[in-house]
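S.K.: Sequence:
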Amino acid sequence: RGNYNDAMMQKIAQTGNGTAAYIDTLSEARKVLADDLSGNIFPIADDVKIQVEFNPARVAEYRLIGYETRLLDREDFNNDKVDAGDIGAGTSVTAIYEITPVGSDATQIDPLRYGDNDTSKAEPSGEYAYVKLRYKAPGEDSSTLLERAVTGSDRVDNVEDAPQWARFATAVAGYGEMLKGGEALGTGFGWESIRNLANGAKGPDEFGYRAEFVQLTRLAETAEAQAALRQQGQEE
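FYI, UniProt numbering numbers position 102 of the sequence shown as 102, with every residue one higher than the one before it.
Worth flagging that the hints you see were computed from the coordinates, not collected in a lab.
Keep in mind that a hint or two might mislead.
[Claimed, not checked] Calculated cross-link-like contacts (lysine to any residue; reagent style SDA-like; alpha-carbon spacing at most 25 angstroms):
1. Lys11 with Pro101
2. Lys132 with Lys202
3. Lys31 with Glu53
4. Lys132 with Gly186
5. Lys11 with Pro138
6. Lys31 with Ile12
7. Lys180 with Lys81
8. Lys81 with Lys31
9. Lys202 with Asn79
10. Lys11 with Glu177
11. Lys11 with Lys202
12. Lys136 with Lys202
13. Lys136 with Ser92
None of the values given here were measured: they were computed from a predicted structure.
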């Protein structure tokens, strides 16, 4: 009836280690009940946790985009008794961080008055970050640890040079930020930029899901413009 109570659906799904979906079209029913069925039913990794440590000699600021309801305390990463998310067969999870390099004029946080801001004491290596991942094989109680450094060889200077999956994921993250008001995006990255980025990273798109996402950006932009016009009319 207009109120889908997404927060409640998400809470129930997280508590039960499940998934939630709204089916409003035949194509969405096919996606949820056929194409994605194995990923929704058969987990290949339980209690998956990701921990990222940034090198202060390279990164001045960072921000995790999304996952507001999935954050864990630092000590929970090594605690196998703490519940986390599961990953289903044929699915993947992407975590996107926005970073500000050391020396950039784009920093938004004031230096600490009483903290240690001397980055010369930090590790001056080519590493930008160190990523740790823990997961449990289905049915297991103990987790497995994977680790990897993010170095300069992983960096690309132009978004066009990034892998296809990363470009499309960035477009989706930008879409989510725009739905929140777009305050963190500034003026240089709007609906048109999101569409162009997504269109250039659609790839084969066998089931047309990525093309559908591009259409969603158009609908969202139209809805935003209509809301602005209504607001303007009320003020006049």
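S.K.: Taking 25 angstroms as the top limit, are the C-alpha atoms of Lys132 and Lys202 close enough?
M.R.: The given pair, whose Cα atoms are some 29 angstroms apart, is violated under the 25 angstroms limit.
S.K.: Would you check the hint for Lys136 and Ser92, treating anything up to 25 angstroms between C-alpha atoms as holding?
M.R.: 16 angstroms, holds
S.K.: Lys136 and Lys202: Cα distance at most 25 angstroms?
M.R.: Distance of about 32 angstroms is beyond 25 angstroms: violated.
S.K.: Hint check: Lys11 vs Pro138, CA-CA at most 25 angstroms. Holds or violated?
M.R.: 22 angstroms, holds
S.K.: Does the alpha-carbon distance linking Lys11 and Glu177 stay inside the 25 angstroms limit?
M.R.: Judged against 25 angstroms, a Cα distance of about 21 angstroms means the pair holds.
S.K.: Within 25 angstroms, alpha carbon to alpha carbon, are Lys11 and Lys202?
M.R.: Violated, at roughly 31 angstroms.
S.K.: Would the hint linking Lys81 and Lys31 be met if the CA-CA limit is 25 angstroms?
M.R.: 33 angstroms, violated
S.K.: Can the restraint linking Lys202 and Asn79 be considered satisfied, given a maximum Cα separation of 25 angstroms?
M.R.: 39 angstroms, violated
S.K.: Is the hinted pair Lys180 and Lys81 satisfied, with a Cα-Cα distance of at most 25 angstroms?
M.R.: 34 angstroms, violated
S.K.: Is the hinted pair Lys132 and Gly186 satisfied, with a Cα-Cα distance of at most 25 angstroms?
M.R.: 31 angstroms, violated
S.K.: Would you check the hint for Lys31 and Ile12, treating anything up to 25 angstroms between C-alpha atoms as holding?
M.R.: OK: Lys31 and Ile12 at ~21 angstroms, within 25 angstroms.
S.K.: Would you check the hint for Lys31 and Glu53, treating anything up to 25 angstroms between C-alpha atoms as holding?
M.R.: Violated, because 36 angstroms separates the two Cα atoms, which is more than 25 angstroms.
The structure is inconsistent with the numbered hints 1, 2, 3, 4, 7, 8, 9, 11 and 12, although it conforms to all the rest.
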